[in-house]
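K.L.:
Could you build all of it, start to finish, from the sequences and the hints given here?
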Amino acid sequence: MLIFLKKMLYILIILAVNLYICEYISNKLSARVELRRGYSMTRMKSTGFPLVRFLKYLSKDNRLSIWTYFTFLFSFLIWTTVPITSNLVLVEMDYSLLTAVAFYIGLIIMLFLDLCSTSYNDIFSEVSKKLLILLSFLVPCLLSIASIVFINKTLNLKEIVNSQHQYWNIIFQPLGFITLFASSLLQLKLLGISGKNYLSGNIKISREGAGLAKVIERISAYMILFFLIMLLGILYLGGWQNLYFIRGEIMIAVKFYFIYIILLLLDKATSRIDNYKLFVKINWGFLLPLSLVNFAVTFGFSIVRNYNLF
Amino acid sequence: MIEDIYNKVYSLPEAILVGEAEKKIESVLKDRIKKIYKAGQDLLIEISKEDLHQVVKELKENPELQVNRFQSIASYRSKNKDFILISLTSFIYNFSFLIKLQISDKESRGGCPEIIEMMAGFYKAFDFYRDRSELISEKSDMEIFYRDQDGLDCFDLNISADGDTVREAFADIDISRVINSGYYRDLEIYNLIAYISRFDWKAGIFPEICLCSAFEQLLQLKVPERAVYIRMVLCELYRISNHIYFISNICTSLGCDVAYNLSLLERERVLRSIEFITGARIIPNFIRIGGVKKDLNEEVLLNIKRGLPVLYRNIKKIESMIIDNFLVKERLKGIGIISKDAALSYGITGPNLRASGIRYDLRKDRDLASYKDLLFTSPIGRKGDCLDRVMVRFKEIYQSLRIINQAVKRFPKGLYIKKINLSHIEFQFESVSYGVECPHGLFKIYMELEKSNINSIIVKGPSINSLILGEEVLKGNKIEDINIILTSLDISSGEIMTD
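Residue numbers (this note's numbering), protein chains in the order written: chain X, 34 to 343; chain P, 14 to 512.
For the record, the hints were derived by calculation from the structure and aren't laboratory data. Please note: incorrect hints may appear among the correct ones.
[What the hints assert, rightly or not] Lysine to aspartate or glutamate pairs mimicking EDC-like chemistry, simulated, CA-CA at most 16 Å apart:
#1 X:314 with P:181
#2 P:152 with P:181
#3 X:310 with P:177
#4 X:310 with P:493
[Said to hold, decoys possible] From chain P, some residues computed to sit far from chain X (all C-beta separations above 12 Å):
#5 40
#6 49
#7 79
#8 150
#9 205
#10 230
#11 269
#12 270
#13 272
#14 353
#15 358
#16 391
#17 441
[Said to hold, decoys possible] A few chain X residues that don't get close to chain P, going by computed Cβ distances all over 10 Å:
#18 66
#19 86
#20 89
#21 290
#22 308
#23 309
By construction, the Cβ of each residue, glycine as well, lies at the ideal position given by its N, Cα and C atoms.
P.N.:
Shown next, in the form of structure tokens:
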């Protein structure tokens, strides 16, 4: 029990520190990209900016939907099954990938319910659109994850990492990596980490200066993003494998921040996607076919290899 | 000398066309016209209210006139009488008419519903001037206020929607009213030059040039060549500044942070050169009747010349950032399409008109300033959608850079102002109308002068026509596209403000 609590504490500390650093990097990058020096809070020295922002949000009163709370709690539940390093995992299980994905889907559904509950204008049309957008993200994600499962023949995340001791999966699955990466980027845009929120864009106007809700939403959004980045790192980039003399823990941190910064830069470089048609065009016109091709090729290849057809 | 003045002040082909039109109208409508004369660039027809229907019908349906474009309508007060001035244009024959009719005091206060109703039968754009408050409250499903976007903050948009598709849109400009009349009456002409810039604060030089040119035309004054070139350089610098500002607005709507910031940096570079010449950035107060306020020295010219390649390179970079981006292209393509017919009938001018595929540029068509000495083209679009409007503006920036480059190279020597003493000049009752090609389109000023006073002055910018057309264009588009469509029309809030 004590070990369990200790592990939980470690995971929470890691998440909190990551949250702080990522928020700081995001603000810093925004200020630099927008060619402003910003007020002193966003400058290099003022590392206290995320804390100040957090306190600022807390100082405001706001109504909260029950689904927002659920989303918040669910976003932390993901980390019970996803191993941060080889030893640091709360619940050891054989189907950790499956469980993590199930939690992720649950989170998306919660997010969707949260959005539905706060849509006030023309609910049917708005909700159906959002559902389609979220689904279109989920399907390519799941397809690329399924391809990895076919390659490694396991549903355990630790085993997937261990199987990459010689070659990283990105070499066998470049299309899958592109799909998952693009999907993560679009989700980052939707979640509004860098201040451009689409999914709850209409709601923000009505609850100007959102208080606790803003904090909770933001933390949930970060958790989803962390999960996707960890998934990218673990499934495709060798996870916590040692690189020569560099320890695995350092390697996973390097990979994590590398992907995060690349995602943020791409988010800044591309325009805001607030158009439903464009979303559908990108997802159903580019991401889905790409992931389908990847899945079909992997599936065919695994059948050929298993049954020794050639 | 006389020939030179004649060629500069009244361009020959237009003068012939206007003369012909004057004869035709006199022969066709001789009983109904009280007076017909040339007021500056336009032909002014004075008629009575009863004859308006017949006159407009004849102007529109006569195949030799084909006055198929509505330009503007304004009411004003001169010599204790109320008048209405309707500006109509024949696109094919390239001349414009001003119809002036006297109305009673009661009608003036009521907004002349009869006249607007009558004109709405001929020109659809007149629907905008009807009293639509009941219609709006009856039909509108939602109201959109753009308070954070420049240019869109001067009107409220009422929308009747079918799901997320706009069925009808109504722009309400009542929120942006200023008192113009009475303000200029006590002003001297030189003070008026400083005051007039606020009508188009994005490109403040154009109202000044328009006002001074109107006086020059009235006085038959030939501006020194050097002054003309200084004016041209300033015009093009302001055009570039305005277009870059437009691009930054589009970037805000699209969410392209990097391009937005870079475009503002480039605008800053242009504004600095303007400041170097005029001493001011937004309201230059630099143009004078007969020339300009200050001469340009070699150092300034060299600075401008050095800055051109840098500006070109940076704007090219911004263009590639916006136009080569798949997301942006897909977002702009196919929305807010303005057809050629709509563009002509609603009287939009400038880049918006050219984006619809109609090559109409006052700099070329009316031979303004010394533009005919320089090589440049007026870029046009194909479909008339938002992407075309953005592309046309980018191309116009390059053409403006080309003009500046040529102008700086062949900068003439001589006087920069022909000094005249306005205090000694007394006009008989004169009316004059003058238009220039400002970055949004045709910027027009109509003045009535008597002795040394300005009786009335009407300023009409092109943005109001763009807004009227915007109502039409929004129909059938998605609600999420409204912001981009309206931004792409480049509406200037200064021009929308009415009396």
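K.L.:
Check the non-interface label on residue 269 of chain P: least C-beta distance to chain X beyond 12 Å or not.
P.N.:
The claim breaks: residue 269 of chain P does not keep its Cβ more than 12 Å from every Cβ of chain X (closest is about 4 Å).
K.L.:
Please settle this one: residue 89 of chain X was flagged as non-interface, so is its CB more than 10 Å from every CB on chain P?
P.N.:
holds (21 Å)
K.L.:
Would residue 150 of chain P pass as off the interface with chain X, using Cβ distances and a cut of 12 Å?
P.N.:
holds (19 Å)
K.L.:
Over 12 Å from every CB of chain X: does residue 79 of chain P meet that, or does the non-interface label fail?
P.N.:
With a cut-off of 12 Å, residue 79 of chain P remains clear of chain X, as the shortest Cβ separation is near 40 Å.
K.L.:
Find the nearest Cβ of chain X to the Cβ of residue 353 of chain P and say whether that gap is larger than 12 Å.
P.N.:
Fine: 26 Å to the nearest Cβ keeps residue 353 of chain P off the interface.
K.L.:
Any Cβ of chain X at or closer than 12 Å to residue 441 of chain P, or is the non-interface label fine?
P.N.:
Given that every Cβ of chain X is farther than 12 Å from that of residue 441 of chain P, nearest at about 57 Å, it holds.
K.L.:
Is the nearest CB of chain P more than 10 Å from the CB of residue 66 of chain X?
P.N.:
Violated, since 6 Å does not exceed 10 Å.
K.L.:
Straight-line Cα separation of residue 314 of chain X and residue 181 of chain P no greater than 16 Å?
P.N.:
Not satisfied, since the Cα-Cα distance of roughly 27 Å exceeds 16 Å.
K.L.:
Once the closest CB in chain P is found, is it more than 10 Å from residue 290 of chain X?
P.N.:
Non-interface label stands for residue 290 of chain X: nearest chain P Cβ at 21 Å, farther than 10 Å.
K.L.:
Is the nearest Cβ of chain X still more than 12 Å from the Cβ of residue 205 of chain P?
P.N.:
Per Cβ check, residue 205 of chain P is outside 12 Å of chain X; nearest 39 Å; holds.
K.L.:
Once the closest CB in chain X is found, is it more than 12 Å from residue 358 of chain P?
P.N.:
Residue 358 of chain P is indeed farther than 12 Å from all Cβ atoms of chain X, at 29 Å.
K.L.:
Does the no-contact call for residue 86 of chain X survive, Cβ to all of chain P over 10 Å?
P.N.:
Given that every Cβ of chain P is farther than 10 Å from that of residue 86 of chain X, nearest at about 19 Å, it holds.
Checked against the numbered hints listed earlier, the structure breaks hints 1, 11, 12, 13, 18, 22, 23; every other hint is satisfied.
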